[in-house]
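Residue numbers (the numbering used here), protein chains in the order written: chain A, 1 to 341; chain B, 1001 to 1341; chain C, 2001 to 2341; chain D, 3001 to 3341.
Calculated directly from the structure, the hints in this document are not laboratory data.
Do not take every clue at face value.
[To be verified] With a straight-line Cα cutoff of 27 Å, these simulated DSS-like cross-link-like pairs (lysine-lysine) come out:
| hint | chain 1 | residue 1 | chain 2 | residue 2 |
| --- | --- | --- | --- | --- |
| 1 | C | 2131 | D | 3225 |
| 2 | D | 3326 | C | 2211 |
| 3 | B | 1225 | C | 2131 |
| 4 | A | 280 | C | 2280 |
| 5 | C | 2133 | A | 280 |
| 6 | A | 133 | C | 2303 |
| 7 | B | 1044 | C | 2289 |
| 8 | B | 1225 | A | 211 |
| 9 | D | 3044 | C | 2211 |
| 10 | A | 3 | D | 3044 |
| 11 | D | 3225 | A | 44 |
| 12 | D | 3280 | B | 1133 |
| 13 | A | 44 | D | 3299 |
| 14 | D | 3211 | C | 2225 |
| 15 | D | 3225 | C | 2225 |
Just so it is clear, the structure is predicted and the values come from calculations on it, not from any experiment.
4 protein chains.
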Amino acid sequence: MLKVGIIGFGYWGPNLVRNFHAVEDAQVVMICDRDERALQRAHKMFPGVPTCSDSLDLLHSPGIDIVAIATPVSAHYHLAKEALMNGKHVFVEKPFTANSKQAEELIALAESRNLLIMVDHTFLFTGAVCKIKELLDDDVIGDVMYYDSSRVNLGLFQSDVNVVWDLAPHDFSIINHLMPDAPVALSAQGIDFFSDGSESVAYVTAHFSGKRIAHFNFNWFSPVKIRRTLIGGSRKMLVWNDLVPDEKVRVYDKGVILDVNDGALGSIVQYRTGDIYVPKLDGHEALLKECEYFVACIKSGQKPMNDGVAGLKIVKMLEACDASMKRNGLPVELDLASLAL
Amino acid sequence: MLKVGIIGFGYWGPNLVRNFHAVEDAQVVMICDRDERALQRAHKMFPGVPTCSDSLDLLHSPGIDIVAIATPVSAHYHLAKEALMNGKHVFVEKPFTANSKQAEELIALAESRNLLIMVDHTFLFTGAVCKIKELLDDDVIGDVMYYDSSRVNLGLFQSDVNVVWDLAPHDFSIINHLMPDAPVALSAQGIDFFSDGSESVAYVTAHFSGKRIAHFNFNWFSPVKIRRTLIGGSRKMLVWNDLVPDEKVRVYDKGVILDVNDGALGSIVQYRTGDIYVPKLDGHEALLKECEYFVACIKSGQKPMNDGVAGLKIVKMLEACDASMKRNGLPVELDLASLAL
Amino acid sequence: MLKVGIIGFGYWGPNLVRNFHAVEDAQVVMICDRDERALQRAHKMFPGVPTCSDSLDLLHSPGIDIVAIATPVSAHYHLAKEALMNGKHVFVEKPFTANSKQAEELIALAESRNLLIMVDHTFLFTGAVCKIKELLDDDVIGDVMYYDSSRVNLGLFQSDVNVVWDLAPHDFSIINHLMPDAPVALSAQGIDFFSDGSESVAYVTAHFSGKRIAHFNFNWFSPVKIRRTLIGGSRKMLVWNDLVPDEKVRVYDKGVILDVNDGALGSIVQYRTGDIYVPKLDGHEALLKECEYFVACIKSGQKPMNDGVAGLKIVKMLEACDASMKRNGLPVELDLASLAL
Amino acid sequence: MLKVGIIGFGYWGPNLVRNFHAVEDAQVVMICDRDERALQRAHKMFPGVPTCSDSLDLLHSPGIDIVAIATPVSAHYHLAKEALMNGKHVFVEKPFTANSKQAEELIALAESRNLLIMVDHTFLFTGAVCKIKELLDDDVIGDVMYYDSSRVNLGLFQSDVNVVWDLAPHDFSIINHLMPDAPVALSAQGIDFFSDGSESVAYVTAHFSGKRIAHFNFNWFSPVKIRRTLIGGSRKMLVWNDLVPDEKVRVYDKGVILDVNDGALGSIVQYRTGDIYVPKLDGHEALLKECEYFVACIKSGQKPMNDGVAGLKIVKMLEACDASMKRNGLPVELDLASLAL
């Protein structure tokens, strides 16, 4: 039975407690938060679980195997480092760290101590993303020509990160998971409407080798919530609307036929439309599957797909977005392939 | 009774015939198309209207006051010039011309002959755009901070223009109509998936003075049709979904409250959400209103809002998009204000 | 070339003119309406087509083969009778007649004169209904256990018919087309809110042999327009939403598994859910297909599926609804099978 | 601090534990379920709360003030009676009891012991129903002319109740809450597709004095989930779609204008359409508000609006539905007004 300690009982922390609780071979043994009211909420929600206000009490507790960190990103590095130094496996919220240097240091530390890091990219465990991955692996969709995501809603404006650091980790983790190769460049345009040093609207384009691209529409300032992704494949097209209860993923037997024989006009483009297929998705809670997966990785010693390196790649992409936004959208090159090792 | 001749009886031509027919003081007296099958369709649909296959027969006919041009853009300039040379008013499909030089020449020619040009930007006459304009003029929305439009669907791929020249004239005519000032720069990224020299997916950003922007998602290669615009205003927010039969325009009493007193953390952003208001829209056919407006302008000698200059501005914006796409998204500056005169 | 005369140029008449015009071997040669403004509209829309205000001019014209009747139902019988007496085939709007006696007389008259009657049940020619029929014929859906239709919107309140006579002919023609047998009884509840002698809301249940039923929700007084039909089959389930541009028909691989072994609790019901399939539908205009079909039937002498007998069955069902509404929902038995001959 | 004991830890029980836990002045002190696996789930979810498998241990425990019953309906009566006999207040799931006699006995028993009964009609505490009630009380909607509810989905088929007893308590509690008077008769048609003695599809009509009606479409066998209610008022119309995250309630400025002057044709009906208004709803969890309300009622001695009498009325309406279904839809009269006392 692996013992789990949770640091940070704000918005996401309670979900970590509930789901690690539900894992067969795991048990939440301590909840830590500096805020007294948060601890009172914890007592109400989970009467049986002891709490503490000083993270060191948890980080140094010999009875804890896994430290789950659900604090603002600025605290990730120090808490994760302390946890690893004390021989604990680390489950940390996204984004992994506030910069890539911190991430590299934590990865090296975990390696040397033979400990595992998992960055909480929950979307990788949703029924929707699992099905899309399956459809790509089975070559139903064909090669992805473009990936177009809108992730907009009103707030929550955050003081410590901009809209890209808040929302992009979701999409970046998904494209890194779905695409066969990593993006080679990123360009981003952002607007800091409120002159608070933090962009609240941003448009990001990820360039892949060939003509393939991914485009992201991030907006903290939209009256409506939109979570829709279009994927244009060489065989079929796909739409993922994450806000509908059922039918999140739709596969369209639509596409384009190229007639290259006609040299005169250059290639002629025709298009075909056919049926639509709405696959049934696994309805289990993604976070529970992720917690079970982490526990299984620790037991087997297997490295998780969403490990520190996966988290580092995303931090580097976020840094590239910031750099491009400062240069008014100038593309910034990336070299993520080397990190795969 | 103004006599109208229509050149081009393809997809849009029949709508021009039907609507000019329906105008009280107008009458369609000739339909011209080079394609014999198109003329046969015309006979079936409008048995009473004579047809011709040579545009000169129509352009030189003394009995015609208005020439309406619904051909591919490449033919607009020559047909419009011939019409103006022969003393006819010109109603021409969007985009006005294939380049700004042609547009400038036609504008000068019309001026010198005291004739009117109207470029068919039908959207300006829809109930939705009229209502949005009214909401802005009445300061219900406040200042527009961003304008975010998705205009995507499958095809129709066109041989003579790219996706920007096909779809952007709609959005460009709308923002030029709604915004108090013209964009100062444009940046665009496009992908020519099929190596046929024509981009089929493009992302365009229009920059206005201050931090205001408009972003456009144009896609000929989407499995689903989307026609949605988000407008973030300083007072309220608005969503325009042009695909729903009713409730196309929704006004959200949502926004952001800045508390600038807190110098420590910089300005603090809070947001508020309230009721939603769905105004009733004028349901009359936009093209009919536009045809009636053109006839009224000719009778009164008033210059239409969607005249040649309005069309020229849009052509210049399209040229700027092409230039930016060639430079991988580098912003291209615009000077449209001077054209307003 | 069959010559068509149209009587009634109100809401639907123009569609008949346009579509009969578009039929290869047909031609509209006269439009008749008592209302002078209607004839002026006809002149504007179809300049080439002669008009008259006295229906006898049209009904007695030797140059007319088909009389299409698009008047209020109260006039159907007399106009259709006069047309048949003068040797013309009759295309008549739904409902066929104001009562079954009139319908029986017209059917006998057409028989004796060897003329065809087609009642305009346009829905039978829509891509949606054709696809649903195909899915039933191919036993994809299995046996229809229930048919549940909502057909509600605001108005148009009509002086001469109630909501059942206005809306039910659509659904009744569809179930008579789709179901293997005719309903054996009908029960209906209606409310005459405005005491104008005409129900504006009605709920109708059609009982078939066995436990199969169809239920219809008719409402002239709804704030929203709904056109949705649920079909529960023994193999699969189907939803038809006629208001969405695409994806009108959805086939759900959902159903129920009966385990009859458990005698103790009686049969145990389990259910299964699977993928969803959205077939591509024929997009051609239904009314054009119907007009072409009528012309083809006349040429071949084949009896149309939506002939006078089909129309009579629906009139009998409408009469049964009125009878049941007067008896506060008491089921009224029907014997439609005998009419099939 | 009121001590709460929960009997039944199946689908709904955990929600009762979580929400009574969250009430300021309440505390869940025992969870009871006969099923050992249910108790294990309880231990995982609420490690701090003691459990028992024999309900008598809970019902006789002196440390318990409130017994919350979340078992199948067949057990409600005996458990509630035992709880009242032992001086405990009772919170019981809907429907209150398996028949009205049981309900009357429990009401009398609670009266005599000066204890409170609350039947869990959670919908009365939702933001949507609270807003609709407010709109009716403020006479925004005017008089309700019809109430039309569709409550359909696939399963869950239940062995002990039919679809009416499962789903109708929601709608019946809502109309009893919203309408100024009680229905005077009910008619219902149901189909027992699976010959398991339990209807899985039912159509119910509630008749009120005057011409007002409510109609309910209940279906356990629908491929799609629908939770939509149309309310036709004399001033405005309202649509409540409970499945959308926002905008559940929409108020339509639509209606009918009667011109009674025209005696010839009887009253003439015209209709008007205007704007739509989507009020913001209270987003707090309904069950939490209900639990807080029950605790407040116990402290103040105030009788809850959803007390035993409210529950009895609904049981009588369910019995009337069963009676009408047995008589093939014959209306069954009700006398609920007398119960109001």
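The hints, checked one at a time:
{"no.": "1", "hint": "C:2131 to D:3225", "in the structure": "holds (23 Å)"}
{"no.": "2", "hint": "D:3326 to C:2211", "in the structure": "holds (14 Å)"}
{"no.": "3", "hint": "B:1225 to C:2131", "in the structure": "holds (23 Å)"}
{"no.": "4", "hint": "A:280 to C:2280", "in the structure": "holds (20 Å)"}
{"no.": "5", "hint": "C:2133 to A:280", "in the structure": "holds (25 Å)"}
{"no.": "6", "hint": "A:133 to C:2303", "in the structure": "violated (54 Å)"}
{"no.": "7", "hint": "B:1044 to C:2289", "in the structure": "holds (16 Å)"}
{"no.": "8", "hint": "B:1225 to A:211", "in the structure": "holds (23 Å)"}
{"no.": "9", "hint": "D:3044 to C:2211", "in the structure": "violated (46 Å)"}
{"no.": "10", "hint": "A:3 to D:3044", "in the structure": "holds (14 Å)"}
{"no.": "11", "hint": "D:3225 to A:44", "in the structure": "violated (34 Å)"}
{"no.": "12", "hint": "D:3280 to B:1133", "in the structure": "holds (25 Å)"}
{"no.": "13", "hint": "A:44 to D:3299", "in the structure": "holds (21 Å)"}
{"no.": "14", "hint": "D:3211 to C:2225", "in the structure": "holds (23 Å)"}
{"no.": "15", "hint": "D:3225 to C:2225", "in the structure": "holds (18 Å)"}
The structure fails to meet hints 6, 9 and 11 from the earlier list, while all remaining hints are met.
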